[in-house]
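S.K.: Sequence:
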Amino acid sequence: MKSIILKTALAFVAGASLVSCGDFGDINDNPNKPTSAYTSYLFSNVTRHTPYIWNDERYSSNRSDTYYNPVYLIYPQYIAERQNVQYGTMNLFTGSTIDTYRYVLKNLKNIIDMNTNDATKNEVCVSSFGSNANQIGVARTLMGYFYLHMTDIFGMIPYSEALQGEANLTPKLDTQEEIYKGVIADMKEAYDQMDASSNLNATYDKIYGGNIAKWKKMNATVRMLAAIKLSDVDPTNGKQWFVEAYNDGAIEDNADNFVYKYYANTDNENPLYTNIVTGARKDFAPNKAFVDSLNVVNDPRRAVYFTKNANGEYKGIPLGIKQADVSNYNKDNSDFAPAMQTQDAPLTMYSAARVLLVEAEAAVRGWISADAKNLYEKAVAASFTAKGLTYTDDVLQNYLAQDGVKFQGTDENKIMLIAKQRWINGYFEDGVEAWSDWRRLDFPVIVTGSYSKELNINHVPYRMPYGSSDRSATPAQYEAADKIQGADSPDTRVWWDVKDNREK
Numbered sequence: 001m002k003s004i005i006l007k008t009a010l011a012f013v014a015g016a017s018l019v020s021c022g023d024f025g026d027i028n029d030n031p032n033k034p035t036s037a038y039t040s041y042l043f044s045n046v047t048r049h050t051p052y053i054w055n056d057e058r059y060s061s062n063r064s065d066t067y068y069n070p071v072y073l074i075y076p077q078y079i080a081e082r083q084n085v086q087y088g089t090m091n092l093f094t095g096s097t098i099d100t101y102r103y104v105l106k107n108l109k110n111i112i113d114m115n116t117n118d119a120t121k122n123e124v125c126v127s128s129f130g131s132n133a134n135q136i137g138v139a140r141t142l143m144g145y146f147y148l149h150m151t152d153i154f155g156m157i158p159y160s161e162a163l164q165g166e167a168n169l170t171p172k173l174d175t176q177e178e179i180y181k182g183v184i185a186d187m188k189e190a191y192d193q194m195d196a197s198s199n200l201n202a203t204y205d206k207i208y209g210g211n212i213a214k215w216k217k218m219n220a221t222v223r224m225l226a227a228i229k230l231s232d233v234d235p236t237n238g239k240q241w242f243v244e245a246y247n248d249g250a251i252e253d254n255a256d257n258f259v260y261k262y263y264a265n266t267d268n269e270n271p272l273y274t275n276i277v278t279g280a281r282k283d284f285a286p287n288k289a290f291v292d293s294l295n296v297v298n299d300p301r302r303a304v305y306f307t308k309n310a311n312g313e314y315k316g317i318p319l320g321i322k323q324a325d326v327s328n329y330n331k332d333n334s335d336f337a338p339a340m341q342t343q344d345a346p347l348t349m350y351s352a353a354r355v356l357l358v359e360a361e362a363a364v365r366g367w368i369s370a371d372a373k374n375l376y377e378k379a380v381a382a383s384f385t386a387k388g389l390t391y392t393d394d395v396l397q398n399y400l401a402q403d404g405v406k407f408q409g410t411d412e413n414k415i416m417l418i419a420k421q422r423w424i425n426g427y428f429e430d431g432v433e434a435w436s437d438w439r440r441l442d443f444p445v446i447v448t449g450s451y452s453k454e455l456n457i458n459h460v461p462y463r464m465p466y467g468s469s470d471r472s473a474t475p476a477q478y479e480a481a482d483k484i485q486g487a488d489s490p491d492t493r494v495w496w497d498v499k500d501n502r503e504k
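The sequence shown runs 1 to 504 under our numbering.
None of these hints come from the bench; they were simulated from the model.
Simulated DEER-style distance windows between Cβ atoms:
#	residue 1	residue 2	range
1	Q240	Y478	28 to 36 Å
2	S327	E166	52 to 60 Å
3	Q83	M416	32 to 40 Å
4	Q402	G165	51 to 59 Å
Only pairs whose alpha carbons sit at most 20 Å apart, straight line, appear in this in silico DMTMM-like list of lysine to aspartate or glutamate:
#	residue 1	residue 2
5	K499	D232
6	K181	E161
7	K378	D394
8	K239	D411
9	K172	D488
10	K315	D292
11	K499	E177
12	K188	E178
13	K406	D371
Just so it is clear, CB atoms sit at the ideal spot from N, CA and C, and this is done for glycine as well.
Using the sequences and the accompanying hints, generate a full structural model.
M.R.: Okay, here's the thing in structure tokens:
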């Protein structure tokens with residue numbers, strides 16, 4: 001019975017299409033179902049989820065809830081537990097895609113349908129937000145963003161047969177290779193479809209204020225970040241897709257960063273503020289491995305990432321320790337910097353620094369004709385600026401000249417330096433991207449901790465297993481996926497993760 005209910009629910013939320021502006025009814029209590037089916041409202045609510053799903057630091061007792069799951073900051077060693085040790089047993093977690101289909105992809109599909117349906121595309125509930133082509137192009141871009149994140153987390157997911165409603169209650173799970181090829185092709189079409197000579201209604205676009213030129217750069221960025229992941233498994237397609245996106249023009253300036261802006265009110269506040277201030281909790285602290293790595297090179301970003309302890313030191317808490325040992329580390333650890341804890345502190349998903357560093361990697365690999373060293377150093381400068389540092393050129397040059405930072409050595413060493421800077425810059429940005437860097441480039445070297453080792457856990461998960469709610473909805477389809485990609489286990493690797501990780 002539960003399976004039937006879930007199938008029906010998924011069919012309704014993922015497959016229903018609107019046929020008029022009034023189809024949502026009077027449902028004011030649900031922010032995802034506004035009183036009128038205006039595409040601007042649907043879009044505004046979708047964008048609220050762009051940072052929530054991947055790096056929400058808010059505590060939740062439901063560890064199967066991807067929306068409020070901090071593991072994507074724990075896996076790359078950005079944070080560690082300082083109160084209740086629950087995440088040291090990393091292999092126990094599962095995730096769910098259901099809410100992403102329900103609250104995000106459904107609404108994006110509705111935006112596309114309303115802009116293509118002759119009965120709605122010229123009505124004020126659609127036209128008031130912008131041109132049909134631009135609405136469709138941005139919606140397709142965001143669909144690609146979410147699909148790529150989900151497949152990088154879980155591997156196989158419903159894609160080609162998803163969002164069909166009652167026409168298909170049991171959509172198959174596509175391979176990650178199929179999803180990548182489909183998403184890249186669709187996003188390129190979306191890029192070409194968007195017309196930067198006109199914009200969306202800025203009031204309802206909390207990310208780019210309706211600026212289509214910036215959305216096109218975000219689109220190219222998503223494609224570049226996807227393409228670089230194919231460096232080991234499919235470099236031919238990876239290079240082709242990367243060059244195409246690179247030529248289209250990605251985010252290379254902080255003014256174009258993909259950022260969600262929170263407000264100083266309880267309806268839309270920063271999730272770290274929610275945890276620490278609104279929730280009066282202190283569940284997490286900076287991770288010791290991350291803090292120590294910045295200490296070794298006297299990284300200036302420490303001042304905007306952490307507070308100093310009573311001794312004037314930057315100190316973190318190790319990952320995967322026992323509950324009994326927490327108090328030993330919790331006496332003199334650093335906290336998150338005050339600016340990160342404000343109610344309206346923005347969250348960055350993609351930054352110019354990350355893009356420039358990915359371009360530097362592509363240059364080292366010979367995928368593009370560019371100066372890798374120049375891109376690397378521009379990325380560090382962009383990171384310093386975006387993080388709010390006030391610095392002189394001498395500070396920047398001295399940082400770039402020291403061992404462990406200076407761009408030198410073999411191509412392999414240069415890629416490790418690039419990976420290190422992506423890790424440092426990515427603090428409280430897109431945790432899934434940082435986790436993906438570790439899975440593909442084997443950096444940083446993850447220390448799983450004493451508690452984890454006692455439980456015979458010697459590595460961070462390679463993928464997130466499916467939650468029971470997903471599997472019970474269409475069990476036969478998930479069993480078929482297991483036969484293709486391997487056991488539904490954190491030990492099973494995603495498609496592009498083909499090399500052994502360096503572990504301790």
